[in-house]
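*Asks:* The primary structure of each chain is shown beneath.
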Amino acid sequence: MADDSLASHRRDPIKSSVGNVAAQRRRQNAATVGKERRESLVRAKRLCRVGATGEGDVLVEENHMMTDEEGFLLEDQTSSAVKELKSAVVYQGKGAMQKRVNALRELRRLLSKSEFPPVEAALKAGAIPLLVQCLSFGSPDEQLLEAAWCLTNIAAGKPEETKALLPALPLLIAHLGEKSSLPVAEQCAWALGNVAGEGEELRKVLLSQGALPPLARMVLPNKGSTVRTAAWALSNLIKGPDPKAATELIKVDGVLDAILRHLRKSDEELATEVAWVVVYLSALSNFATGVLVKSDALQPLVERLATSNSLQLLIPVLRSLGNLVAGDSHTTSTVLIPGHEITDGVIKVLVKCLKSDHRVLKKEASWVLSNIAAGSIEHKQLIYSSEAVPLLLRLLSTAPFDIRKEVAYVLGNLCVAPATGEGKPDLIKENLVSLVQRGCLSGFIDLVRSADIEAARLGLQFTELVLRGMPNGDGPKLVEQEDGIDAMERYQFHENEDLRNMANGLVDKYFGEDYGVNE
Amino acid sequence: MEWNAETLQFLSQCFLHTLSPQPEPRRAAESSLAEAADRPNYGLAVLRLVAEPSVDEQIRQAAAVNFKNHLKTRWVPSNDPNASVTFPPILDPEKDQIKTLIVSLMLSSTPRIQSQLSEALAVIGKHDFPKSWPTLLPELISNLQKASQSSDYASINGILGTANSIFKKFRYQYKTNDLLLDLKYCLDNFAAPLLEIFLKTVSLIDSTAAAPGGGPPATLRPLFESQRLCCRIFFSLNFQELPEFFEDHMREWMGEFRKYLTTNYLSLESSSDGLALVDELRAAVCENISFYMEKNEEEFQGYLNEFASAVWSLLTNVSQSSSRDKLAVTAMKFLTTVSTSVHHTLFANEGVLPQICQSIVIPNVRLRDEDEELFEMNYIEFIRRDMEGSDLDTRRRIACELLKGIATNYKKQVIDIVSVQIQSLLSSFATNPSANWKDKDCAIYLVVSLATKKAGGTSVSTDLVDVQSFFLSVIVPELQSQDVNAFPMLKAGSLKFFTMFRGLIQKPVAFQLFPDLVRFLGAESNVVHSYAASCIEKLLLVKDEGGKARYTSADITPFVPVLMNNLFNALKFPESEENQYIMKCILRVLAVADISSEIAGPCIVGLTSILNEVCKNPKNPIFNHYLFESVAILVRRACERDTSLISAFEASLFPSLQTILATDVTEFLPYAFQLLAQLVELNKPPISPSYMQIFVLLLTPESWRRSSNVPALVRLLQAFLQKAPHEVNQEGRLNQVLGIFNMLVSSASTDEQGFYVLNTVIENLEYGVLSPYMSNIWNVLFMRLQNNRTVKFQKSLVIFMSLFLVKHGAQNLADTMNAVQANIFLVILEQFWIPNLKLITGAIELKLTAVASTRLICESPVLLDAAAARVWGKMLDSIVTLLSRPEQDRIEEEPEMPDIAENVGYTATFVKLYNAGKKEDDPLTDVKDPKQFLVASLAKLSAVNPGRYPQIINENLEPANQTALLQLCTTYNCQIV
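Protein chains in written order, with the UniProt record's numbering: chain A, 1 to 519; chain B, 1 to 977.
Any given hint could turn out to be false.
Said to hold, decoys possible - Here are the simulated BS3-like cross-link-like pairs (lysine-lysine), alpha carbons at most 30 angstroms apart as the crow flies:
1. B:LYS404 to A:LYS477
2. B:LYS184 to A:LYS204
3. B:LYS411 to A:LYS477
4. B:LYS543 to A:LYS429
5. A:LYS223 to A:LYS251
6. B:LYS572 to B:LYS548
7. A:LYS244 to B:LYS548
8. B:LYS548 to B:LYS507
9. B:LYS404 to B:LYS548
10. B:LYS146 to B:LYS200
11. A:LYS509 to B:LYS548
12. A:LYS509 to B:LYS131
13. B:LYS175 to A:LYS244
14. A:LYS509 to B:LYS543
15. B:LYS200 to A:LYS509
16. B:LYS175 to A:LYS204
17. B:LYS131 to A:LYS204
18. B:LYS326 to A:LYS509
19. A:LYS477 to B:LYS507
20. B:LYS412 to A:LYS477
21. A:LYS158 to B:LYS543
22. B:LYS200 to A:LYS158
Unchecked claim - Pairwise CB distance ranges, derived in the manner of DEER restraints:
23. B:SER132 to A:ASP508: 47 to 55 angstroms
24. B:ALA192 to A:PRO213: 51 to 59 angstroms
25. A:GLN492 to B:PRO515: 54 to 62 angstroms
26. B:GLN811 to A:GLU378: 53 to 61 angstroms
27. A:ASP508 to B:GLY732: 45 to 53 angstroms
28. A:ASP508 to B:PRO89: 29 to 37 angstroms
29. A:ALA451 to B:GLY213: 36 to 44 angstroms
30. A:ASP508 to B:ASN4: 35 to 43 angstroms
31. B:GLN423 to A:GLU378: 56 to 64 angstroms
Claimed, not checked - Computed footprint of chain B on chain A, listed as stretches where at least three residues anywhere in the stretch have a Cβ under 8 angstroms from a Cβ of chain B:
32. 183 to 194
33. 294 to 302
These aren't lab readings, by the way, just hints derived from the structure by calculation.
Glycine residues also receive a C-beta, built at the ideal position from the N, C-alpha and C atoms.
Work the whole structure out from these sequences, hints included.
*Replies:* Spelled out as structure tokens, the structure:
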């Protein structure tokens, strides 16, 4: 009786469903190989060319390319300005204070003059110890302001140049306190923001020296450039990858309220900076994510997305929304309940982003949708019956690769039921059939041909759904028509074992030549 | 192993002898090395020998090869439990020393030893890099910088080669955080030095090539090799995602990449191997830009236009040349990627498509001298590429891929242009067929390759031409051509067309050509007669709507004599002696045609004579497999018609089978046992003495030593047990059989086979015969249960107990078990039967175990006892689960032990002969529906004792199962009272 076939009649399960994969694709901060988000890189360091208070006295020459000669001249001037400052610092006689301020102002003027400030020359001439000295307690505001401004622009330079600020950090942080005048505190925050933007190592130093609480308190007021600068500096400071700072920030008294308030009411410029803070809070800290979700942060984000047309603002807001959805299962399960107003609102703004011309918005919106689509059956049906599907289908065949990949996750997730504990998830036949009828298969087969193995796996998983799930055994025919057999056969000897087995298994199972004899 | 003069002497001697042409000293040296390899520090000692300048170069080279292989098996030994040999791993202190020595040794050695050590290093790197080998990358980098300062390109290329092999893992592994952390580590350390050496070499090449005459080739060669390696490392490091460093320095990389595509290096390119070297670099560049084009198109788009035109003009040149394959292929792949991307509009301009078609596609599709050579010299490789899809990297195929790529966005235009091209190729052929036959070949190739593949190669479809009329006007004339040897490539192309489009060619048309196909079996060209055989074979598999075969035995029977004759004759052509396509066709014809004795006679003679021939030296496993399948199907189908033929078959086959057994043709033993099993089963008792000889042989432990024989031997043993139960019970044979069972069941990899033996014994022998052995059998099983309790074993045990119960009764089952140990029956029931019952799969097994379990709770006094009420209830709960839930809900995935058939060694493995297969017997033909059996039995039982069972059910069954049981009762109209 028990013939050789005893163990061999089991169905060969596809190892991971489309759904599981997408749900796990949260932020991968442990190792970022690629450029850290392009937008934030541009944001990381900022030169202060016009005074923070707006009363700059330097003639800023836009679009003026410096010649070499001018460059040398500038360097010479800088060296002598530092020398001048040195003697001013040493000088104890009459008008000493004014002399110092004048010297500082001259140096600051030189450091603000061009897009490429003569930082190297200033450092070589020994500017840092002098500037630190000028920051000493009890100095007049004007002196503090000029010194901090100089340091701001030095910190905007190359990595080593930023690092040169190390001796100045304790004093810069000290001047953030409530006792300082607003312009001084803001300028110090700016300098510190540049330092924090340099990288993990300097962020650690700043955090250990206690930069976070005073900066956090600076974002509590309702408006003003100080709030904006502080928010920007904070967004740099909590960038991680250690999530501790982000968690600490959200715990500071009043910060959560301030963030929500700014998101709701502030002008777009301030809202943009605050939204970046939310991006990092939600990208790094589970705690912060949970707090934000529970405090209804989704609502103002959705409103901003619905009403604003500023790309600068939309990008961080959309990314925050995505992080909140991906980062906390609570978001999809208890906040974004199908039928609630907020849920419809989210889908609507995501559709708006899918329609936008901007690639980042399309990609991020697809990512958010893919995570919502990994939720319950109701979530899937909600997306499925929304305006998003026709847009997604079009993107799958026309968009650039990275967007197509995100879109494929959404569509794939719409076709598989949520995994219930153990076992592989079932497919949702109606969605699969209709999406395939509307032509999505060729897009997935294209992914199978992709050099990107994650995309290829997704393509193969979807192909498996089609082969298994289309009624009347139509799956194989459809895959055939899209030249899918050929696409899968490329994996015959692929080095990735999983892909190879998956592809070969499908070809064997559904297209295997019937070796048996017709009995 | 200590490193001293003695060791040096010993190893040198051994390695010297391994190179000896004399087998004896060679084998002796090999075995002493194999023995020494188990000692600690062997690897280190061999590495030291490799480094010993006083030792002869060829000895050191042999030692380097040995060192590499030593690391392959022992650095991290395989933990496959079925591996034939397990090696002791190299210990950590030795590993550390090897890691300390190897980089500097590799760099200072001669090229041949260097390449071996570099591979060895890659073996270590695969497991240890980077986490357990933090010094490697810094060491490589500092050496690279040193070598770079002195422009020592032998060392530079050694280091780059090593880096290239250790970074390759980034090209195919999934993106996990661990992988990205490793990648980040490599990038942080190596990205900058890589760019540095790349740019340094750039300037060296530029300055060398600027010299009059283009610089000395000897200077340029290592520089180009170095650049190629840099490009390959670039590919690995960029594969997962675009690293920040590479994005920041894209301009530098791309600028030089473009230079290599657009610049000619005349002094190198004037020689063919020099040209190959430059082309390899260009091909590597093309791979990199294709990759950027696909994955990082946004960052890359600024460079796209210049690269597209560079590749285009490069291809226009390369396409005219008959070598330069790799470059042509990678360059066309780049254009294909562009054509399917968002930037496909580059192809939309007026005139672009026709030009691509004319100057790139057609020249690459056209037959080249190399193709003709391959067609004649190596027909197997030609077929593999031409017919079986192993042509992914050939120019012909990739040129068609390019067309397909363009067609994703410009389908109509492509179809129009290609149709015109096909027409013009055909009319050029028509003007002068013998001079322009390659044009026709090209046209046929285009139609076939641009068609969409369908299931299993059963057919294809195309929008390019009307298949029917193309077939009639272009293909049929070739197939009807009287000279089967004229223009063989054109004949092959036509046969391939017929094969590919066989589903679309109407039966009358195809059928008319059948005699022509048979005729082409006589063509001298190996490809042509192979394609003819393949075409016939595939035609016989064509199915119409509804799955009925299109060509039936009635259709082909008139042709069979001449067809068989031609097939056997085709096997006499030089190099076709073991032609698998022909053998497969023989198999298929035997499966379809009516096997009259007129056909069976010559066929068995033909097949056995081939069998005798291949026994001498089994070479082609596929051919041999089809050969045995052919014999099996011939025997099966002929005997189905006429049982008297069996003795004729025995007479023909026995000598061959005996030769296989006697001369121990390892590869064929599993086949021989399966054929014998088939013959035994066809026999009527009593079994003839010649079989009994084999039976005796079968029972000796020696026969079972090779694991590859086991499944086939079990199959044969089962056949004997069924056909000769009386003989089994003589001369202590049953003891021997049970000894075999004991041996098989003790190991997890063969326990299933052991149960097959045991089950057959239980099924075919009387209880009176079995009873003296039962204690022993239970002892063996309980022992195994104690030692190694896999789920598979427990399931097999439940099946065995069930079979015993239905054959010999519940009482005998309980008694024989309890005879081993008091009350063990109930323990086994509770601990193994009940929990494993719900895991049973397979229709026959499910019915068997369900019925047996039902009988237990309705018949067995132990279970009917009031004290056993809980066990009774739990057993019923399991039965209901088994019967009411679909398989996938009951079964949790269990990591399967690799099947014995997967234990691939260098010797034979077991391959099942489909046509000598065993029919699955249902031991319970009287019970049709186990569900009905369950509720009917329960109803009967409860009627005797009303009121007792509903309570037990209520207390012990899961609520879901109670509901399910109730439903079953309703369905079958039975009641548990």
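*Asks:* Between B:GLN423 and A:GLU378, does the C-beta distance stay in 56 to 64 angstroms?
*Replies:* Holds: the Cβ-Cβ distance is about 57 angstroms, inside 56 to 64 angstroms.
*Asks:* If you look at each residue in the segment 294 to 302 of chain A, do at least three have a Cβ nearer than 8 angstroms to any Cβ of chain B?
*Replies:* violated (count 0)
*Asks:* Are the Cα atoms of A:LYS223 and A:LYS251 separated by 30 angstroms or less?
*Replies:* OK: A:LYS223 and A:LYS251 at ~21 angstroms, within 30 angstroms.
*Asks:* Between B:LYS572 and B:LYS548, does the CA-CA distance stay at or below 30 angstroms?
*Replies:* 34 angstroms, violated
*Asks:* Just to be careful, I want the Cα atoms of B:LYS184 and A:LYS204 compared with a cutoff of 30 angstroms; is the pair within it?
*Replies:* 20 angstroms, holds
*Asks:* Going straight from one Cα to the other, do B:LYS543 and A:LYS429 come out at no more than 30 angstroms?
*Replies:* Holds - the C-alpha atoms of A:LYS429 and B:LYS543 are around 29 angstroms apart, at most 30 angstroms.
*Asks:* Are A:LYS477 and B:LYS507 close enough, with their CA atoms no more than 30 angstroms apart?
*Replies:* This hinted pair holds, its Cα atoms lying about 22 angstroms apart.
*Asks:* Given the hint that A:LYS509 pairs with B:LYS543, does the C-alpha gap stay at or below 30 angstroms?
*Replies:* 18 angstroms, holds
*Asks:* Note whether the CB distance of B:SER132 and A:ASP508 lies within 47 to 55 angstroms or breaks it.
*Replies:* 38 angstroms, violated
*Asks:* Hey, B:LYS411 versus A:LYS477, does the alpha-carbon distance stay inside 30 angstroms?
*Replies:* 21 angstroms, holds
*Asks:* Can the suggested window of 36 to 44 angstroms be confirmed for the beta-carbon pair A:ALA451 and B:GLY213?
*Replies:* Hint holds: Cβ distance 40 angstroms, inside 36 to 44 angstroms.
*Asks:* Look at the Cβ atoms of A:ASP508 and B:GLY732 and judge whether their distance stays inside 45 to 53 angstroms.
*Replies:* 46 angstroms, holds
When held up to the earlier numbered hints, the structure conflicts with 6, 7, 9, 12, 15, 18, 21, 23, 24, 25, 30, 32 and 33 and fits the remainder.
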